[in-house]
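Peer 1: Each chain, letter by letter, is given below.
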Amino acid sequence: MTEKTRDQDLTLVSDQQPISPLQGTSNPPVSALPDRIILNSVWSGLDRKAGAIIEFTARQLRVRASTWVIGGVGFLLMVLLLATYAEAMVEGIEPVDDDGDSEDWDEDGYPLGQERKWGTSDWNSAEFPGSGVFVSDEWLNWNEANHTGNHTYRGNAIIESYTWIGNPPNTLNKGWAQVGNFTDCTDYEEEYDLQIGRSCLTSQGTIRFNGLIQVNGTVGVESEKWYQYLEWGDFVGASETPIPQDPRSMYIDEDGFDIDVSSGNTSQGFDDDGDCLRDWDIIADSSFTSNPQFFWDDSFSFNSDSNRNGISCDVELVYDDQGNLVSIEADQLVDEDPSEDEFVLESLHRGFVLAVGKVAFLFLLGIFIPLFLATGLIRDEMASGTMYYLVGKPIHRAEFFVYRILGFMSIAAPYMIILAILVGLVTSFIGPGDSIFRFEDLTVWLIIGITSALVLLAYSTTFSALGVISKKFGIYIAMVMGVWEFIMAFFSLLSSGQSIVAWLSISHWGLEMVNSAALIAWPDSGYYDIIGSGLFNSSVVFSIFWNEPVMVPGSPIASLLVSSFVLLLYIGIWILIGQSFLGRREID
Amino acid sequence: MIPDPEQVGEHTPTSIQVDNSVPAVMLDHVSKWYGQVIGLNDVSLAIGGGVTGILGPNGAGKSTLFKILVGRLKPSQGTVRLFGIDPWRNPAPYSRVGYVSEGEKLYDWMTGHDFVSTLARLYGFTRDEASARADHVLEFVNLSDVAHKQIGKYSKGMRQRVKIAHALVNDPDLIILDEPLQGCDPVARTTIMNVIREIGGMGKTVIVSSHILSEIERITEQIVILHNGRLLALGNLHAIRGMLDKHPHRILLTTDTPRELAARTLVVEEVHGVRFPHPHQLEIQTNDLDAVHSVLPTLITSSGLRVSSIQNPDDNLESLLAYLMEGRA
Chain A
1 MTEKTRDQDL TLVSDQQPIS PLQGTSNPPV SALPDRIILN SVWSGLDRKA GAIIEFTARQ
61 LRVRASTWVI GGVGFLLMVL LLATYAEAMV EGIEPVDDDG DSEDWDEDGY PLGQERKWGT
121 SDWNSAEFPG SGVFVSDEWL NWNEANHTGN HTYRGNAIIE SYTWIGNPPN TLNKGWAQVG
181 NFTDCTDYEE EYDLQIGRSC LTSQGTIRFN GLIQVNGTVG VESEKWYQYL EWGDFVGASE
241 TPIPQDPRSM YIDEDGFDID VSSGNTSQGF DDDGDCLRDW DIIADSSFTS NPQFFWDDSF
301 SFNSDSNRNG ISCDVELVYD DQGNLVSIEA DQLVDEDPSE DEFVLESLHR GFVLAVGKVA
361 FLFLLGIFIP LFLATGLIRD EMASGTMYYL VGKPIHRAEF FVYRILGFMS IAAPYMIILA
421 ILVGLVTSFI GPGDSIFRFE DLTVWLIIGI TSALVLLAYS TTFSALGVIS KKFGIYIAMV
481 MGVWEFIMAF FSLLSSGQSI VAWLSISHWG LEMVNSAALI AWPDSGYYDI IGSGLFNSSV
541 VFSIFWNEPV MVPGSPIASL LVSSFVLLLY IGIWILIGQS FLGRREID
Chain R
1 MIPDPEQVGE HTPTSIQVDN SVPAVMLDHV SKWYGQVIGL NDVSLAIGGG VTGILGPNGA
61 GKSTLFKILV GRLKPSQGTV RLFGIDPWRN PAPYSRVGYV SEGEKLYDWM TGHDFVSTLA
121 RLYGFTRDEA SARADHVLEF VNLSDVAHKQ IGKYSKGMRQ RVKIAHALVN DPDLIILDEP
181 LQGCDPVART TIMNVIREIG GMGKTVIVSS HILSEIERIT EQIVILHNGR LLALGNLHAI
241 RGMLDKHPHR ILLTTDTPRE LAARTLVVEE VHGVRFPHPH QLEIQTNDLD AVHSVLPTLI
301 TSSGLRVSSI QNPDDNLESL LAYLMEGRA
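Keeping their order, the protein sequence lines are chains A and R. All the letters of the first sequence, read from the start, carry residue numbers 1 to 588 under the working numbering. All the letters of the second sequence, read from the start, carry residue numbers 1 to 329 under the working numbering.
There's no promise every hint is true.
Stated by the list, open to error - So these bits of chain A aren't anywhere near chain R, every CB distance computed over 12 Å:
#1 Val261
#2 Phe429
#3 Asp434
#4 Ile571
Unchecked claim - Listed next, the in silico SDA-like pairs over lysine to any residue satisfying Cα-Cα at most 25 Å (straight line):
#5 R:Lys156 with R:Asp145
#6 A:Lys472 with R:Ile38
#7 R:Lys105 with A:Arg585
#8 R:Lys156 with A:Gly385
#9 R:Lys105 with A:Arg584
#10 R:Lys153 with A:Arg59
#11 R:Lys74 with R:Lys105
#12 R:Lys153 with A:Met382
#13 A:Lys471 with A:Arg62
#14 R:Lys156 with R:Ser144
#15 A:Lys472 with A:Leu406
#16 A:Lys471 with R:Trp33
#17 A:Lys472 with A:Asp588
#18 R:Lys105 with A:Ser470
#19 R:Lys149 with R:Pro186
#20 A:Lys471 with A:Phe486
#21 A:Lys472 with R:Trp33
#22 R:Lys149 with A:Arg64
#23 R:Lys105 with R:Tyr154
As the list claims (entries may be wrong) - Reference listing, derived: stretches of chain R covered by chain A, where coverage requires no fewer than 3 residues with Cβ under 8 Å from a Cβ of chain A:
#24 67-75
#25 97-108
Quick caveat, the hints were computed from the structure, so don't treat them as lab data. Where is the CB? At the ideal position from N, CA and C, for every residue including glycine.
Hey, can you work out the whole structure from these sequences and the hints?
Peer 2: Right, dumping it as structure tokens:
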């Protein structure tokens with residue numbers, strides 16, 4: 001009840017008072033608004049209100065030191081990466097001996113590739129081009145004591161009797177046991193073993209030897225001497241004059257790729273250095289003794305059709321039912337040592353584009369810029385007490401949330417897109433290739449820029465909504481989410497996008513978009529990926545940073561659209577969440 | 001003057017259908033509590049045109065009431081209507097409301113003109129309209145000279161005035177000012193009080209809060225008194241003042257010669273008695289404060305005695321509240 005006391009102009013109010021028009025009011029009540037005029041008064045002039053908030057937010061970000069610091073760090077990061085890239089491109093790639101045949105393992109001065117040509121072992125310094133090599137015909141069986149005949153023998157054995165002992169075909173090969181002027185065996189030699197190349201007379205009148213020897217007679221092993229063995233065959237490839245040593249550089253980049261994925265042929269490749277094409281059957285042909293040809297040392301097991309497609313020395317391209325290249329199977333020693341400048345530089349360039357696009361733009365800038373600049377878009381206004389200036393207007397809080405994000409995007413998105421285009425222009429100019437400018441790269445950079453903007457929008461919406469959901473803990477939740485996204489990004493990268501868990505992250509869909517862009521711009525990405533990860537170990541950069549788009553196999557454009565849609569859906573959901581929480585948030 | 005929208009742009013809230021039957025502000029059994037703490041307790045009130053002062057000590061619920069009115073807080077109970085609409089659910093009434101909160105935080109990096117015109121655009125005005133309106137309201141609050149200076153360089157009074165300017169830029173029908181004089185120097189206070197009176201004189205509904213009785217007294221006669229979150233009284237301040245005046249009042253004078261001064265004041269008919277609470281203070285007791293105040297300056301001047309201050313210890317909000325609480329009891 002209302003109580004009039006002492007003076008008619010004053011009303012003291014009791015506990016349950018009715019609504020009391022203020023006494024003494026001379027002005028009439030003002031006009032009321034109809035209950036549902038929101039469309040007329042709140043959403044009208046959308047462009048003006050949106051423009052004002054977007055412009056205000058952009059100006060607010062521009063005067064913040066943190067904006068310039070983060071933008072500057074991002075720019076500096078790109079400059080450093082570009083400097084590294086430019087250095088690699090200008091200097092080219094150091095040639096790499098992919099098949100390792102420029103090595104000289106036995107240090108006899110002849111590289112492995114040359115030793116292979118001559119059929120000598122690169123693990124035995126006694127064998128080298130021109131020294132000749134023993135090609136075994138037969139071994140002494142375990143139940144045989146000796147063998148009679150005129151052969152070249154190799155073994156650790158005894159000559160029981162002979163009618164002739166020859167001289168070695170040359171003195172280059174240090175594996176020959178000495179003949180003539182035999183000395184008596186020492187007690188040790190009698191009882192145990194001899195050094196390679198040594199021969200001696202035993203107390204029984206036989207000749208013991210270890211190494212190669214040419215004999216017409218009976219040669220055998222002693223049953224109690226378990227280490228003794230014997231084989232006989234031919235000594236081939238010996239040269240009367242020393243063979244000049246090839247420079248090791250001759251065996252680097254000597255077998256390039258001869259594959260054209262666009263041809264559609266399944267059998268391709270060519271053995272440029274001829275180390276696969278050689279006819280290995282002729283090795284045992286003693287007719288080559290006087291005319292040494294290519295053959296192989298017996299330590300190497302070789303199959304000229306190791307990919308088992310029935311064609312020797314080729315490279316098989318394996319396609320799936322949809323016509324996608326799924327693997328490249330090369331025979332041994334075919335296209336195994338291509339020029340780094342031809343393949344690796346291109347692979348490195350593409351790898352750089354993707355690495356920068358994914359790691360620098362999507363992971364680093366994409367996560368950190370929104371984390372530092374977007375989390376407080378609403379939260380900071382609420383915390384500082386200035387929020388009411390902005391929402392105490394005929395603007396629905398839901399639209400305020402969207403405009404605020406758009407204001408952030410009006411600064412962040414152009415920054416990312418311009419940065420992407422700048423980096424793209426530099427890499428397209430100095431990247432490898434015959435043309436002055438790599439126009440095809442622009443597609444990738446443009447999509448990297450757009451993807452970065454989409455990812456920015458997704459993170460900024462999420463982080464901003466988290467800031468609204470919890471004024472106190474929002475930033476911490478956003479940081480945890482940033483870490484999660486970072487982990488998922490690398491998880492998706494390393495699992496080739498196959499991990500379903502990674503699908504729950506924003507970063508996965510960003511990566512999928514970039515993978516799709518790469519496949520659109522570089523249709524032979526699959527080829528580079530397979531070559532890089534399988535055949536050609538030195539070009540793994542591209543293989544690490546590119547994965548086949550998994551959403552719609554075979555259609556990068558469809559994958560790009562699906563990924564964009566998922567990201568937009570994600571953004572939409574978080575906008576609704578942010579709007580819902582902001583609509584119910586009290587602004588104290 | 002507050003600019004006329006028709007003079008500065010095309011924007012007019014013509015789509016709003018007019019209903020003359022409701023007051024600008026209406027609260028029906030509104031309560032607000034923060035956990036166990038009650039901010040506002042069962043307040044029912046309707047406020048129409050003119051300037052209305054909301055009086056109450058700190059913690060009385062003035063700011064809570066305003067925050068509920070402008071939709072910053074949701075009432076825990078009861079109904080709030082601005083122009084007949086629930087402001088928590090629908091921000092439409094804000095097109096006719098200007099609000100100055102008690103907080104001091106502003107966008108210091110903006111100029112005064114920037115601040116006002118940018119926020120004006122949130123009402124849907126074009127850039128040019130907003131700029132013209134900003135110019136007008138800044139002139140209205142005497143800030144034209146510094147309109148293009150950064151707010152960070154403004155004095156406290158200027159900051160308060162720029163906040164008032166932003167609240168006027170949409171030519172609102174309802175202006176809510178939460179402690180607009182707090183922390184201002186005397187010159188700024190006078191300027192702001194003049195501004196508020198002028199706005200009230202235009203027929204706008206102005207609600208202004210303060211915890212200082214004399215401030216409100218200089219602005220308006222209509223008051224609402226809040227205490228501990230409850231509506232304690234509402235009505236005409238002169239009526240309250242009259243009631244207060246009929247009660248014993250004290251006038252405290254600080255002087256080096258309290259006894260000499262006492263001897264001279266006791267001859268005044270309305271003076272009932274004197275006390276010396278301090279060796280340099282004289283307390284005069286009276287039932288007619290105005291009568292004593294009218295003769296006191298002449299009396300002091302003619303005596304040649306030096307008086308360094310004159311205070312009215314009972315002429316404050318605490319006394320008023322004590323009095324009202326007594327009446328209520």
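Peer 1: Just checking, Val261 of chain A versus chain R, shortest CB gap more than 12 Å?
Peer 2: Fine: 57 Å to the nearest Cβ keeps Val261 of chain A off the interface.
Peer 1: Measure nothing beyond the straight line between the CA atoms of Lys156 of chain R and Asp145 of chain R; if it is 25 Å or shorter, mark the hint as holding.
Peer 2: holds (16 Å)
Peer 1: Far enough from chain R: is every CB of that chain over 12 Å from the CB of Phe429 of chain A?
Peer 2: Fine: 40 Å to the nearest Cβ keeps Phe429 of chain A off the interface.
Peer 1: Take the C-alpha atoms of Lys153 of chain R and Arg59 of chain A, compute the straight-line distance between them, and say whether it is at most 25 Å.
Peer 2: holds (19 Å)
Peer 1: When I compare C-beta atoms, does the segment 97-108 of chain R have three or more residues closer than 8 Å to chain A?
Peer 2: holds (count 7)
Peer 1: Does the claim that Ile571 of chain A lies off the interface hold, with its Cβ farther than 12 Å from every Cβ of chain R?
Peer 2: At about 24 Å from chain R, Ile571 of chain A clears the 12 Å cut-off, so the statement holds.
Peer 1: Hey, Lys105 of chain R versus Ser470 of chain A, does the alpha-carbon distance stay inside 25 Å?
Peer 2: Between Lys105 of chain R and Ser470 of chain A the Cα gap is close to 22 Å, so the pair holds against 25 Å.
Peer 1: Please verify whether Lys74 of chain R and Lys105 of chain R have alpha carbons no more than 25 Å apart.
Peer 2: holds (23 Å)
Peer 1: Does the structure keep Lys153 of chain R and Met382 of chain A at a Cα separation of 25 Å or less?
Peer 2: holds (23 Å)
Peer 1: Is Lys105 of chain R close enough to Tyr154 of chain R, meaning Cα to Cα at most 25 Å?
Peer 2: Since the Cα atoms of Lys105 of chain R and Tyr154 of chain R sit roughly 12 Å apart, the hinted pair holds (cutoff 25 Å).
Peer 1: Going straight from one Cα to the other, do Lys156 of chain R and Gly385 of chain A come out at no more than 25 Å?
Peer 2: holds (17 Å)
Peer 1: Would the hint linking Lys471 of chain A and Phe486 of chain A be met if the CA-CA limit is 25 Å?
Peer 2: Measuring from Cα to Cα gives roughly 24 Å; hence the hint holds.
Of the hints listed earlier, there is not a single one the structure fails to meet.
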